[in-house]
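Chains as they are written, first to last, in the numbering used here: chain W, 1 to 315; chain E, 1 to 308.
Keep in mind the hints are simulated off the structure, nothing from the lab. Owing to the predicted nature of the structure, the values given are computational and were not obtained by experimental measurement. Treat the hints with care, since some could be wrong.
What the hints assert, rightly or not - The calculated DSBU-like cross-link candidates involving lysine-lysine, where the alpha carbons are at most 35 Å apart (straight line), are:
(1) W:K310 x E:K251
(2) E:K15 x W:K145
(3) E:K251 x W:K145
(4) W:K148 x E:K131
(5) W:K310 x E:K92
(6) E:K10 x W:K148
To be verified - Okay, the calculated bits of chain W under chain E, using three or more residues with CB under 8 Å as the criterion:
(7) 92 to 99
(8) 125 to 135
(9) 143 to 153
Built from N, CA and C at the ideal position, the CB exists for glycine as well.
What follows is the residue order along each chain.
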Amino acid sequence: MVNLVRNENMKLSHSISTWIMMGIVVLIIIIGGLLTRFTGPEAKAPKGDWKAELKIQNQAYKQDLTNPAMPKMVKDGSVKGLQTNEYRLKNDIQPVQGNSLWGFVEGMGGVISLIALFAIVMGGKIVANEFSEGTIKLLLIRPSKRWKILLSKYISVVGYTLLMLLVLFIVSFLLGGILFSFSGASTPFLINSSGKITEVNMIVHIMELYGLKSINLIMMVTLAFMISTVFRNSSMATGIGVFLLTVGNVITMFLTKYSWSKYILFANTDLNQYISGDPLVKGMTMKFSIIVLVAYFIIFNIISYIGFTKRDIAV
Amino acid sequence: MEGKTIVQIKNVTKKIGKKVIIDELTFDVHSGEVFGFLGPNGAGKTTTIKMLLGLMSMTKGEMYIDGFNIEKDFEKAIAKVGGIIENPDLYKYLTGYQNLLHFWRMYPDIKRERIDEVIKIVGLEKRIHDKIKTYSLGMRQRLGVAQALLNSPKLLVLDEPTNGLDPAGIHELRNHLRTLAREENIAVIVSSHLLSEMELMCDRVGIIQGGKLVRIQDMREMLEDEADSIVALTVTPINSAKTYLESLSGKYNPKINDKEIEILENMENIPDLVEKLVGQGIKIYGVRKVQQSLEKKFLEMTGGNEIA
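Generate coordinates for the entire structure from the input sequences, incorporating the hints supplied.
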């Protein structure tokens, strides 16, 4: 099994497209860093008057709270915001800015969507290309079970995706430090859980951010991998994967008036909806979404397994 | 000398939908022999080979390699098999060595040195660290043979191995297979639709048509056990020789072919016939046995060039 994964890694690492993807990720971070540093409103904003800003913000929160027209949800948010801001003022903890080390790392979290796209491309190619190149015939006449070969491909794609995430984190951290100084590295992240405020390391917060975004990523890779395995066609797998990645959420939005829409994969991929705001469809809970996601994950993998192990190799 | 039975194919049938692709196929292949699998395009050669290598499932029947059932005991059965199916499709963006390393990693207990051994066997030492996309077809074919030999197989299966090879390449491959069968006592199965190739390469030939095994034929028997041979005589004057032969026996059925005259006769009777011709004042410049080619036999057996 270890050898099979090494084989898949060798094939991925000698494929030029893998490194082009990696290069694009690094390039975007650099461009994003330079743009944030030298242009844009935050570059010019003077530092140091954050306390005054927070006080103005608190005024707005207080107004919301006294306004009877405001929905309960907004009021809850305002209460939390107020508590956090007061904690900041009391303990002299500056909020994270876009033009600071952690602000930049957090902002660059958006690149994960691009990594998801690249992961779909990899997942879409890794099985289908063995068929289109004809190499599948030489691959499957070895004393390895087919499911092990399939699993090694899956592990390899997920591994390279994690590597891209790691590159994203390290490069954006280093670049953020170089451009906006490393001195902000110790800034804590404040968690407000019903009035009780705790300071945690920013890395924990960033990991949470990456983790939540990676759910969508893993689901899309698994889907592309399944299409790649069932249809044995990489363009189809990549095409459908990218299509669903970009419009899946929009389509789900249109369908939210139907109660069955809560079973759609895309209604559940964003777990952040339970942390900050209203669920997409009424009656959805975090637990429900996790069950739906796990169910989709298992179904996709079972279909991949059957598509790969039970069928004749016709090429 | 008959070797150990390596391949057993028992009543194998393959249906795709309602179409019968392979119909009750049964044959054995022994170690040390080159078994030719001959048939027109679409007869079911590749399907049979894919079933033997576990790439396709069987609808009915069983296949054993070295005693192991290919479906129930796949890993053990396939461990001692090397194969090339159609073209040797390798990873073009990897080097020759990386390709071999890739397949070597898939065997649990083959020494790493074996990679260098097979490279030496096929003579690719100089180009082994170049990417496959820079290889000629002949070199790819050789690397294909190298990967098939990695696990020191007891059975080598080659599907249409000479496709796209030039005559020198075919010659080389033929010698390779012969040597492997004889010296390493490997059983070799080669499929082809090219009859002339099979004549030169194989010890036995199974002829398949429309998914059915029409006949299994030992090559030497096939070529030698002829009661009557075609004999070509170079004579002058050719026309009177023809008339005379016709008057001797109806069975000769003489045909003038350029400067030769071809008749059908048992070789044992040829000296007498030569004497008779000389007695008639006919000058003889040459007597030659024309080998009846497998092609003719093949066409007889399969009833022409019909594609199943």
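(Q) When the structure is checked against the list of hints, which entries are broken? Sort them ascending. (A) 1, 3 and 7
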